[in-house]
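Take a look at the letters that make up each chain.
Number of protein chains: 2
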Amino acid sequence: MSEKVTIYDIAEKLNITAATVSRALNNNPKIKEATRELVLKTAAAMNYKQNKLALALKSGRSNNIGVIVPRIDSNFFASVIRGIEEELYPHGYQVIICQTHESIKRENENLHTLVDAQVDGIMMSVTGISDENDSAFRHVLEKNVPLIFFDRSKHIDGVSSVTINDFKGGYLTTKHLIDEGCKAIAHFSGDQSLDIFKNRFLGYKQALLDNGLEFKEEYVIYTKSSVDAGKEAVDNLLKLDTPPDAVFSSSDFAALGAIQELQSRNISIPKEFCVAGFSNEPFTKFMELSITSVDQSPLEMGKMSARVFLEQVDKTDTIKIEKKVVLAPELHIRKSSKKTNF
Amino acid sequence: MSEKVTIYDIAEKLNITAATVSRALNNNPKIKEATRELVLKTAAAMNYKQNKLALALKSGRSNNIGVIVPRIDSNFFASVIRGIEEELYPHGYQVIICQTHESIKRENENLHTLVDAQVDGIMMSVTGISDENDSAFRHVLEKNVPLIFFDRSKHIDGVSSVTINDFKGGYLTTKHLIDEGCKAIAHFSGDQSLDIFKNRFLGYKQALLDNGLEFKEEYVIYTKSSVDAGKEAVDNLLKLDTPPDAVFSSSDFAALGAIQELQSRNISIPKEFCVAGFSNEPFTKFMELSITSVDQSPLEMGKMSARVFLEQVDKTDTIKIEKKVVLAPELHIRKSSKKTNF
DNA sequence: TACTTTCGTGTAATCGATTACATAATTTAA
DNA sequence: TTAAATTATGTAATCGATTACACGAAAGTA
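Top line first, the protein sequences correspond to chains R and H.
Quick note on numbering that gives the first Met the number 0: the first sequence kicks off at 0 and runs consecutively.
Quick note on numbering that gives the first Met the number 0: the second sequence kicks off at 0 and runs consecutively.
Among these hints, one or two may not hold up.
One copy or two, either will do: identical chains are not told apart, so a pair holds if it fits within one copy or between any two.
[Unchecked claim] Result set (BS3-like, lysine-lysine): computed pairs, CA atoms no more than 27 Å apart in a straight line:
1) LYS223 - LYS284
2) LYS284 - LYS230
3) LYS334 - LYS284
4) LYS104 - LYS3
5) LYS3 - LYS57
6) LYS238 - LYS215
7) LYS153 - LYS31
8) LYS142 - LYS12
For the record, the hints were derived by calculation from the structure and aren't laboratory data.
For clarity, every value in this text was computed on a predicted model and none was experimentally measured.
The task is simple: from the sequences and hints, build the whole structure.
Here you go:
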């Protein structure tokens, strides 16, 4: 059933050598036109398909690129991957997916596996929990495999990145809450060893200071990105002597939890308490009480990452390119924080 | 920078041949224990890494599997892929992602590309729009590449599938609406050339008949899976002489659209009108008016697909295996359809 | 005509690993 | 002690494509 046809089979049939067949198929200029046409016709007739594995071995390029994300079943990461796939499809690259589940060990394994599989490039969102050990990343770079961080980035020489301006995202959102009249704004942060959470926090803080509001350490709560974590965080905030009247959450899920908890206590949103999230998860706009959130344009981020990869992949090795692309965040103001009239 | 170490380098250093090195590394029983240890030690010292591409060429197996989905940025498909990846990770397979965007042309291209890349198996959710041309699928089977359909399946000899019992899902949901006292239940369906939509419809119809309700053609509306489509569909239903008092939607998004449209008309849910969806998208449980929906256990579906693949991949070619796994749907009853007390 | 280019194709090495077969080394049996 | 059996290793082909180099034939030049 369906014997594999090789260039040797074509060569034999035409009484020429495989070298000539290869040249004809690759549009090598030093081949007679008549021969080329004959080979092409015969190849088509015999249903020849190039063996990519042989090509990959010979060339050292697999035409695969690897993508490493904490998990794929999150709207954000799935959208980024969609963008990557769409941008790379016309160039003939296949996208290999790896998940870390926020495990450094898994991240390192994935990096090594991808290098071993000789992918032509790696795009990833790092798993943050601080590890001093960059050896897996260095291993990638030593092998001259282009490495690109998206969203969650790290400072490593030779690595390009595509991120959004998280500082600005935090700033804009906080400023918006201030403009709505909020006086005591809390913040849900994530693991600040990750730049994204650090910068959202810094943007938040700066917006407070620039607008004459006091920054209170007790208003900053470190939460996981989950509904339950959001509930618990609000619970803690409301126990304070002077509880806040708004929260800017680095996570939409935590923001949702906050809203659910506030509603269960009959605290009116946005009248008594405003809530804003981050990531613009689909549900934020679907809710009846739609949730204000910062869009990270994941699709664009994926496409941009792919473009950066394409730029790097064919450059001569001599010049080390390191490109930092920063996308603009976009604040979507919705009911959860809009006190003033629509 | 980081020369690639091959078995020839190891052989040279130890004054033996590459064959011996290969055997030692592969735990071939006919190698002297001392030699094996020496090779292993040397390989480790030299930081040897097996070249997967060479192995793939020699063995004809790439250790990659392909997954084709309409789009990746849907919670359902992303979760299935997550399941596949997690199940296959311990077995050393890498997962290649392809999107069709519901285009048959793209689907066929992807199938050919994956076969050309010599993946060891393909798992996919078909793009339904009726095409009589099964040649791409047959091409896969001729090459002896295990092919597994999940969720959206097709009847093709030699192809295994993992689906849920959509008929039952439709039946259960409709029965539930009847039990809540609904007398005139409408249905939003999708492209019925896809079994999933056909079967949900049939389950719906059967539940009506089994419970003495009239089946009305005019209550069945074919919609896209989008919020706007749901709004429009409800709009049309309400124009009928005897408008329905409930809808079972094959899409959560259309169900959401229905709810939004009903609410904008001040029709009370679930008191005057009940709504149920399908897929158990995350937002259905997040809404204040949470939406009744059928869970398809996508994670389990992915894992199961992977397991079916693993069963098939090593079987001798002589026996043709064709496994049909049908998972049970699970109805999640929520506020949008729960008239009676909680 | 004789000599140099140019053109088209063949030869053979290469990418890195695996493995059937051959052979050398060692052990066992007689 | 010698033949037979066993064990460990080497030799070389193979997977399928690409490509530097060699070479014969055709074309151009003097």
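In rising order, the numbers of the hints this structure does not comply with
Checked against the structure, the only hint that fails is number 7, while the rest are satisfied.
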